[in-house]
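Participant: Residue-level listing of the chains:
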Amino acid sequence: MTRGLWSDRRAAFGIAVLAIAAIVALGAPLVAADPIAQGDIVATRFLPPLSSDATGAFHLLGTDRFGRDVWARLVYGARISLGVGSLAVLVSVLVGVAVGAAAGFWQGWPSTLLLGLTDFALALPRVVLLLLLASLWQPSAGLVILVLGLTGWMTIARLVHGEVRALAVRPFVESAVGLGASDLRVLVRHLLPNAMTPVIVAAALGLGNAIMLEAGLSFLGLGVQPPTPSWGNLIASGRDTLVNAPWVAAAPGVALVLVVVAATLLGDAVRDRLDPSLAVRRAG
Amino acid sequence: MALLLLRRAISGAAVVFGVLTLMFFLLRLAPGDPARLLVGPAATEEQVAAQRQALGLDRPLAAQYAAWLGRFGQGDWGTSIATGRPVARTLAEAWPATVSLVGVSLVLSYLIGIAVGVLQAMRGGRLDTALSVATVTLFALPGYWLGLMLVMVFTYQTRMLPAFGSAGFDSDFLTGWERVADRLRHLALPLATLTLIGIGGTARYVRGAMLDVAGAPFVAIARAKGLSSTTVALRHVLRNALIPVVTLLGLSLPALFSGAVFIEAIFAWPGVGRVLVNGVAARDYPVIMAATAVSAALVVAGNLLAEALVGLVDPRVRGGTRRGGGG
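The listed protein sequences derive, respectively, from chains A and B.
No gaps in the numbering here: position 237 of the first sequence is 237 in our numbering, and each next residue is one more.
No gaps in the numbering here: position 277 of the second sequence is 277 in our numbering, and each next residue is one more.
Rather than coming from a laboratory, the hints here were simulated on the basis of the structure.
A quick note: this is a predicted structure, and the numbers were derived from the prediction, not measured.
Worth double-checking, as some hints may not be accurate.
[Unchecked claim] Some but not every residue of chain B turned toward chain A, in silico, with C-beta under 10 Å:
#1 Ala14
#2 Leu111
#3 Ile112
#4 Leu131
#5 Val136
#6 Met152
#7 Gln157
#8 Met160
#9 Leu161
#10 Pro162
#11 Phe164
#12 Ser166
#13 Arg204
#14 Phe262
#15 Ala296
For glycine and all other residues, C-beta sits at the position ideal for the given N, C-alpha and C.
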């Protein structure tokens, strides 16, 4: 399956961009200077991209109004943005799979209750909720992860619910029950592994969304707080200097778009691959 | 159909009520005291306590909830803690701005998005690939960033369009066409931002729905009858592909309103989103509750509208044989 994915240009692009972003973020100290260090502010601020300052330090993406290196802030910001995004998706997947599996497996009132909860959560205005929660408690990366995760599990729950219900009547499940497997064993060992494929697609699409929302919260000042760089608060800080230093806001935005496009294309490619009927129809 | 819509309306009202109840308790449980914010950092403990009593914040939570619910239900939404203005009037002034921005953008992004998606599905090949790259990029653009970039180009560099508010400072002195032109110029950038982003998602979805329908047997029959490919695409494929698209319209409303919150914050657009963001910053409980109620109600109303539209597009739903609204 992996080899097949590489031949899909969308998947190759997605994997390559996400891998590069992850490697650069993890190896940040190796590829960038200190993101918070300020030299002589007057001499080094607002240097355009591809210029060097008096000390000979090269600034690939220029400097901001405090003379901080934009590339360094971008690279360290990737740690926060990608980290928060991935962990938020992980929370969504865990909650979504648990709710969806339980609703699909135990018919009757547990199912009705959980599906009702899912529909209700789906109707909540997500950004309104995010704004409120992020503003009521002290903003931090942990809170953003929790909030994004707890408002993003519903699609996954619905998908898993549908898969589990469809699988539960299949002969291999009946035989597992006939062999005396416990409910939990049937669910965890037989049903869930077969229901995971749409979850992977939803997680890839959700990753892009979570990264975008994290940046949005930080942009409004309700997410990760400066001077710790995150792509959202980098864009926000560049907003004030749009006239004389447009690169400060432009650079993190371009990085954000690239990563979200990569996650979306990867999700599309995986979906087409996992659903061959669709792929055949699209080819024909 | 009417019965179905009525049932949906009731469950929609239940959702709004649930959202409000959730918000009420979250607000009261969260740290931070509006009384303290109101009297300022220099106030004594007695002054804070007096302010808390004046706002009714010293009573038990259940009593506060019951009292608030009673007043809210009767339309008494209280006065803003921060500005002292009646909340209902603030929101009455704000919601038309949001609805006009979101509504016009919705219509434009669906018209353009459907056109692009149909073109992609019909033509295929290089054009399809190029447009796919364009739509996925639009889909991935964060609204607040696209907004800033448009401001940079059109306001700061070419000085063509204003970037703040819904009307110029002198709009009260303008008459007739000049006034309309002023409004339109202020609408241009926020509308362009919201619409461009919407086009990406819609076109991607329409293209997929068209290709899904294109494989159905009735399409092969239409072709076999010798109908032109344009007729097949528009009369047979598109009509059926529109059914999930209209459902998507309802489901995408919460996201659109969410996007509008950011756009309103950037362009200082005087809508519900900005009222909410300002209310959150000032911990202005009555304003937050009312703005939440209005945005939740707008989302629910939009979903109902989409449900009714599905009934118009798909005769099978009208008979009540199919349960609409499923994702």
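Participant: Look at each hint and say if it fits the structure.
Facilitator: Tested hints:
1. Proximity of Ala14 of chain B to chain A holds as hinted, the smallest CB-CB distance being about 8 Å (cut-off 10 Å).
2. For Leu111 of chain B, the suggested interface contact is broken, since its CB lies about 23 Å from the closest CB of chain A, more than 10 Å.
3. Proximity of Ile112 of chain B to chain A is violated relative to the hint, the smallest CB-CB distance being about 20 Å (cut-off 10 Å).
4. With a cut of 10 Å, the hint placing Leu131 of chain B at the interface with chain A is violated, because the nearest CB-to-CB distance is about 14 Å.
5. With its C-beta approaching chain A no nearer than about 6 Å, Val136 of chain B sits inside the 10 Å limit, and its interface hint holds.
6. Given the 10 Å rule on beta carbons, the hint for Met152 of chain B holds: about 5 Å separates it from the nearest Cβ of chain A.
7. The interface hint given for Gln157 of chain B holds, since its Cβ lies 9 Å from the closest Cβ of chain A, which is under the 10 Å cut-off.
8. The closest approach between the C-beta of Met160 of chain B and any C-beta of chain A is roughly 15 Å, which is over the 10 Å cut-off, so the hint fails.
9. A distance limit of 10 Å between C-beta atoms decides the matter here; for Leu161 of chain B the minimum to chain A is near 14 Å, and the interface restraint is violated.
10. For Pro162 of chain B, the interface hint is violated, the least distance from its beta-carbon to any beta-carbon of chain A being 15 Å, above 10 Å.
11. With a least beta-carbon distance of about 13 Å to chain A, the hint placing Phe164 of chain B at the interface is violated under the 10 Å criterion.
12. Given hint, Ser166 of chain B at the interface with chain A, is violated; its Cβ is 20 Å from that chain's nearest Cβ, farther than 10 Å.
13. Because the beta carbon of Arg204 of chain B sits about 9 Å from the nearest beta carbon in chain A, less than 10 Å, this interface hint is met.
14. A least Cβ separation of about 6 Å between Phe262 of chain B and chain A falls short of the 10 Å threshold, and the interface hint therefore holds.
15. Hint status for Ala296 of chain B: holds, given a least beta-carbon distance of 6 Å to chain A, under 10 Å.
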